[in-house]
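Position in the sequence shown counted from 1, then plus 134, gives you the working numbering.
It is worth saying that the hints were derived from the structure and are not from the lab. Mixed in with the good hints, there may be bad ones.
In silico EDC-like pairs for lysine to aspartate or glutamate, Cα to Cα no more than 16 Å straight-line [what the hints assert, rightly or not]:
| # | residue 1 | residue 2 |
| --- | --- | --- |
| 1 | K200 | D215 |
| 2 | K175 | E152 |
| 3 | K196 | E178 |
| 4 | K182 | D197 |
| 5 | K175 | D206 |
| 6 | K182 | D199 |
| 7 | K175 | D199 |
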Amino acid sequence: MACTSGCPTPGAHASWGECARSKHVQIEGVQAHQYNAGMRKQAENYVKAREAGLQPATVSKKDVDKAWRLTDKTGTPFRADA
Numbered sequence: 135m136a137c138t139s140g141c142p143t144p145g146a147h148a149s150w151g152e153c154a155r156s157k158h159v160q161i162e163g164v165q166a167h168q169y170n171a172g173m174r175k176q177a178e179n180y181v182k183a184r185e186a187g188l189q190p191a192t193v194s195k196k197d198v199d200k201a202w203r204l205t206d207k208t209g210t211p212f213r214a215d216a
């Protein structure tokens with residue numbers, strides 16, 4: 135049998151690899167995990183800024199931090215699009 139254990143359609147795949155790919159299995163290394171965790175944190179910070187009424191120029195930490203600093207300095211929500 136070419137399929138992996140637990141395949142919902144046993145025998146439907148030509149090889150074990152085809153069956154595994156059909157399950158969309160993703161294996162990532164430590165570096166990829168750290169990168170993804172950093173990107174999630176960056177996105178969370180951007181969302182928090184947007185929820186507070188700020189509009190940073192980009193989702194980058196540098197721009198989000200700049201938006202917070204200018205908001206604190208001026209007392210009004212920073213809007214990069216204004």
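Hints and how they fare:
Restraint check for K200 and D215: the C-alpha separation of about 14 Å stays at or below 16 Å, so the hint holds. Between K175 and E152 the CA atoms are separated by roughly 34 Å; this puts the pair beyond 16 Å, and the hint is violated. Restraint check for K196 and E178: the C-alpha separation of about 14 Å stays at or below 16 Å, so the hint holds. Distance check on the hinted pair: K182 and D197 sit about 13 Å apart at the alpha-carbon level, within 16 Å; holds.
About 22 Å separates the Cα atoms of K175 and D206, which puts this hinted pair outside 16 Å; it is violated. With a CA separation close to 11 Å, the supplied pair K182 and D199 stays within the 16 Å bound. Our distance criterion of 16 Å between C-alpha atoms is met by K175 and D199, whose separation comes to about 13 Å.
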